[in-house]
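Asker: Residues per chain are reported as follows:
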Amino acid sequence: MKTLLIGDNSFIGVSHLSQERARERTERLDVKSIVEIIETAVSCGATGYTFSTHPVNLQILSALQDSGKIESTFGLYPVLPYAQGYVRLANEKGMRGLVDETLSRLSLLDRTKAIFDSGISALRLDPLGVMKTYLDMELKSYLNAKTRNARLRSVLLHEVITDLCLGLRDAHLLDAFAQHIREKYHASPGFVTYNIVRFVELFRKAGLTTNDVVIMAPFNSVGYQMSPSKHSCEACLPSLSESNVIAMSIMAGGYLKLDEAIDYIRTLPNLSGIAVGVSSKEHARNTFTRLRDGVLGRTDTGASQAGQRKI
Amino acid sequence: MNISVIGLGKMGLLHAAIVNSLPDANVTSVCEKDLFLSSAARAVLPKNITVYRDVKKMIPEERPDAVFVTTPIDTHVSIVEDLLKTETNLSVFVEKPLAVSHEQARIACELASRSRGAHMVGFQKRYSPVFQKAQELLKEAVDAPLFFRAYCLSSDVLREGSAWRSKKGSGGVLLDSAPHLLDILIWFFGEPTSVMAVKKHVYSHEVEDYVHAILSFESGLQGHVDACWSVSNYRLPEFLLEIHGRNGMLTVTDDFVKFTPGKQTGGNGGGQTYHRQSFHTPVPFLLTDPEYTLEDTAFLDAIRTRTTPETNFVQAAKVNALIDRILENAEQGGHKSR
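If you read the protein sequences in the order shown, they are chains A and B.
Here the numbering used here is used: position 149 in the first sequence is 149, and no number is missing along the way.
Just add 311 to wherever you are in the second sequence, counting from 1, and you've got the numbering used here.
Check each hint, because a few of them may be wrong.
[Unchecked claim] Taking lysine-lysine and the DSSO-like style, the derived pairs with C-alpha atoms no more than 27 Å apart in a straight line are: (1) B/444 with A/230; (2) B/321 with B/344; (3) A/132 with B/321; (4) B/479 with A/93; (5) A/140 with B/321; (6) A/257 with A/230; (7) A/2 with A/230; (8) A/132 with B/511; (9) B/444 with A/93; (10) A/93 with B/478.
These are computed hints drawn from the structure, not numbers from a lab.
Just so it is clear, the structure is predicted and the values come from calculations on it, not from any experiment.
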């Protein structure tokens with residue numbers, strides 16, 4: 001195992017234990033203290049940051065750039081879109097209003113494409129083109145804000161979109177996303193999913209490769225968010241020849257203790273990394289030191305470090 | 312089993328993906344009235360799913376076994392009427408709430424009573440292991456509830472909205488955000504015997520943004536509910552129900568249920584918390600929370616076994632009746648009403 005990622009849940013108000021706890025943390029954490037937490041985690045073994053395209057992450061990336069303490073090996077793993085932001089917009093303006101607003105933002109981004117004057121035509125003529133332009137728009141400001149030393153390792157699709165595509169058995173969209181990330185950003189395409197078994201099945205059935213693909217999926221000893229079952233998800237791992245699986249929710253959203261998580265993770269084959277959230281410098285120091293000493297390098301299968309070119 | 316989905320908002324997409332992933336079920340068609348969204352759906356969805364803009368065209372052409380209705384609330388009953396008048400025995404799932412009023416809900420119930428299909432409304436919290444445990448603890452541990460307080464709060468409306476949720480006759484915090492909480496109260500305690508309520512406009516002109524209601528029950532239980540979608544700093548909608556009884560207090564949220572025994576009954580006051588993670592709820596396909604998969608599975612099972620699903624139209628109509636009573640009372644200035 002080579003990758004230890006800092007997750008951003010604590011920084012953007014996500015908690016799977018209690019919403020009250022999440023609110024308390026966001027009130028307590030300003031950008032300066034978040035940057036200190038990230039720097040502490042890095043000094044204790046963290047190799048990268050995985051984050052959603054939530055506006056606060058723009059400030060975090062800019063502040064990391066200013067601090068100048070990030071090494072050139074530090075990896076960025078953005079996850080997009082920030083689903084909750086779109087859910088709120090859909091609630092406020094309706095689904096049509098959401099699409100209209102998104103397309104109008106796209107038009108502003110790329111004025112040369114008169115095609116966006118008519119959203120219907122755009123979607124009819126080139127739906128994947130619209131999707132790619134949307135991805136570029138969503139990523140652009142985060143890539144501009146990122147610290148020069150950090151490298152874009154992977155761009156990951158949020159689990160709501162990945163799993164919607166899996167449910168609809170739509171490999172086409174997932175493949176289009178993967179190709180765009182490879183070609184335009186020279187990074188590994190990534191997918192966050194609660195349904196890793198189904199993901200691998202769909203990719204294989206469609207003749208698509210998972211070799212350079214990052215799959216971020218829950219792995220924890222209580223089977224939380226592991227569909228269809230803990231056993232099936234575990235059994236899926238050895239079948240991935242060049243695994244790029246990053247385990248998330250290893251403490252089942254704060255329900256398990258770190259020692260329990262480490263004991264469990266050490267039993268799993270073929271993991272390329274772990275993503276874990278921390279909410280204070282002490283928490284970061286304790287968590288990443290123990291993960292570095294407990295799991296880093298232990299289950300290294302020689303998985304390819306795809307998508308490491310600097311952009 | 313062939314499934315059609317009407318309405319391609321976020322709930323339509325969610326149900327389409329979940330039900331399409333369940334054994335022996337396939338989404339074969341979707342219907343979206345909006346030209347733009349239907350064009351987008353045609354371009355993006357897999358080609359084995361036919362996209363329509365007119366329900367009356369889709370049903371005879373597709374002859375589905377079941378339909379999911381996930382359109383704005385004010386269209387639910389007219390669509391159910393169209394569906395069940397065309398195909399009497401069609402199975403229909405309607406996203407919550409069933410209707411904009413109890414009068415409308417009764418029309419849907421009447422049509423469903425003459426049909427051999429399964430008819431269900433998406434009150435998925437009844438399928439959440441957390442709420443099921445809460446109901447169990449309420450019976451076993453709390454003993455004779457004395458009073459409760461409950462709220463559902465969100466930051467969904469922090470300025471005047473333009474969607475149907477903010478329009479008179481189809482929206483408001485009570486119809487849009489409170490149905491789950493009201494359904495849980497009816498599930499736990501039955502229908503209240505009296506209601507007193509006040510409401511307030513904060514950002515919306517046509518609908519209420521805040522409601523406070525005091526509910527009284529046959530057993531002597533009383534409690535109050537606060538529903539507001541215009542509070543700051545709530546990333547997700549939040550739900551809390553706190554029930555005080557002779558033996559202690561029960562706290563229920565989406566994430567956990569906690570029973571705190573009273574010291575006078577021998578408890579040490581520490582209490583026991585059951586987090587969502589402590590329940591083993593594997594589902595064949597997971598999109599957001601497992602209760603959505605569990606409710607869709609229950610709907611398909613009810614169709615196969617010709618049984619009545621939880622929550623059926625009659626149960627759902629009780630929520631509409633309670634919403635009507637609360638809003639009527641608030642209009643009248645909050646005087647106690649039966």
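Asker: Look at each hint and say if it fits the structure.
Answerer: Consistency of the hints with the structure:
Taken as a hint, the residue 444 of chain B and residue 230 of chain A pair is honoured in the structure, with Cα atoms around 22 Å apart against an allowance of 27 Å. Restraint check for residue 321 of chain B and residue 344 of chain B: satisfied, since their Cα atoms lie roughly 15 Å apart, inside the 27 Å limit. Straight-line distance between C-alpha atoms of residue 132 of chain A and residue 321 of chain B comes to about 21 Å, which keeps the hinted pair within the 27 Å bound. Between residue 479 of chain B and residue 93 of chain A, the direct Cα distance comes to roughly 15 Å. Compliance with the 27 Å bound is thereby established for this hinted pair.
For the given pair, residue 140 of chain A sits about 26 Å from residue 321 of chain B by alpha-carbon distance, which is consistent with the 27 Å threshold. A C-alpha spacing of about 18 Å is found between residue 257 of chain A and residue 230 of chain A, which places the hinted pair at or below 27 Å, so the restraint holds. Note on residue 2 of chain A and residue 230 of chain A: the hinted pairing holds, with a Cα-Cα distance of about 23 Å set against a maximum of 27 Å. For the hint pairing residue 132 of chain A with residue 511 of chain B, the CA-to-CA distance comes to about 44 Å; that exceeds 27 Å, so the pair is violated.
Restraint check for residue 444 of chain B and residue 93 of chain A: the C-alpha separation of about 36 Å exceeds 27 Å, so the hint is violated. Restraint check for residue 93 of chain A and residue 478 of chain B: satisfied, since their Cα atoms lie roughly 11 Å apart, inside the 27 Å limit.
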